[in-house]
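There are 2 protein chains.
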Amino acid sequence: MRIEFDTGILAESVRDIPDFPKPGVVFKDITPLLADPSAFSSAVDAIVVSYGRGHIDKVVGIEARGFIIAAPVAYHFNAGFVPLRKAGKLPYETMSESYDLEYGEETLEIHADSFNPGEKVLIVDDVLATGGTARAACDLVARAGGDVAGLAFIIELSFLGGAERIKDFDFVSLLQY
Amino acid sequence: MRIEFDTGILAESVRDIPDFPKPGVVFKDITPLLADPSAFSSAVDAIVVSYGRGHIDKVVGIEARGFIIAAPVAYHFNAGFVPLRKAGKLPYETMSESYDLEYGEETLEIHADSFNPGEKVLIVDDVLATGGTARAACDLVARAGGDVAGLAFIIELSFLGGAERIKDFDFVSLLQY
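Residue numbers (this note's numbering), protein chains in the order written: chain D, 1 to 177; chain P, 1001 to 1177.
Because the hints were derived from the structure by calculation, they are not lab data.
Heads up, a few of these hints could be off.
[What the hints assert, rightly or not] Among chain P residues calculated to face chain D with C-beta under 10 angstroms, some are: (1) Ala1039; (2) Ile1068; (3) Ala1071; (4) Gly1080.
For each residue, glycine too, the CB sits at the ideal point set by N, CA and C.
Input sequences plus hints: build the corresponding full structure.
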């Protein structure tokens, strides 16, 4: 189920970068949005409002840009923050999940003790693209004992079809392209 | 000048990890602190209180753990957030600063348009160790037109002497080892 939210004011603070990270790709750069106090706090607040105060125990941020949105969302919720990192970065016992990228494979890791059983978890990242990362994050949170309450993204690249991969979950994306 | 702050309640939520990232090193793992809503929000609030509401325009977070603290500090200050990243990660025009590590060299980058001239900037990272990263961050922010109002860290590894490298600036560290 898609949660709808009117956040048209954010759109003007996203910048198109042609040919990044490789030729032919237009990268959606959110750094102007992050640098603008109104846009940044609006984005955080929109996610918090979408899921309701008091209903989230832990907010998972996906390395590295996901941390920037997930951490203030956790703070505003008065929830804990849990990092989901690339392989080898987390120092304690981990669980991992690998998934396919356009070229090659990526592995995400989470600390095995991140959740108390049944804790309500919100997963936050900057962009929903093909949904491979998002789906792996959902699977990893569930394996670690969390209950995925939903996902939230600043940007959804709708033409890549990522929504289909996470259709079993509630999610919110603030801007769609 | 060192700003003193009583945050003893945070100490019990930091976990020692022996031999990470390499043999002989005891890593201070802050993930239990981040996962505890009281400890996480206390750490963020302690930094905000140290610098005073209304006096910071931009908060710079250093990739990647620095993002997790810097972003909610920016949110609480109603300031903008600016990422300071490893080489090649930022998509727009960048300025860079290289510095020596124990083995080899590291390069940090910032978007060249991150600041309006004279904006007050707070630099946030998880750990102050030798001060090499912190000093490079100060230099880079100044070159990009920001006015470094100070720095903030969750942890200071005092025995590594990083404070000496940033003695020209105000800074706060919440826990010292």
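Outcome of the hint check:
1. Because the beta carbon of Ala1039/P sits about 9 angstroms from the nearest beta carbon in chain D, less than 10 angstroms, this interface hint is met.
2. Because the beta carbon of Ile1068/P sits about 5 angstroms from the nearest beta carbon in chain D, less than 10 angstroms, this interface hint is met.
3. For Ala1071/P, the suggested interface contact is upheld, since its CB lies about 4 angstroms from the closest CB of chain D, less than 10 angstroms.
4. A distance limit of 10 angstroms between C-beta atoms decides the matter here; for Gly1080/P the minimum to chain D is near 4 angstroms, and the interface restraint holds.
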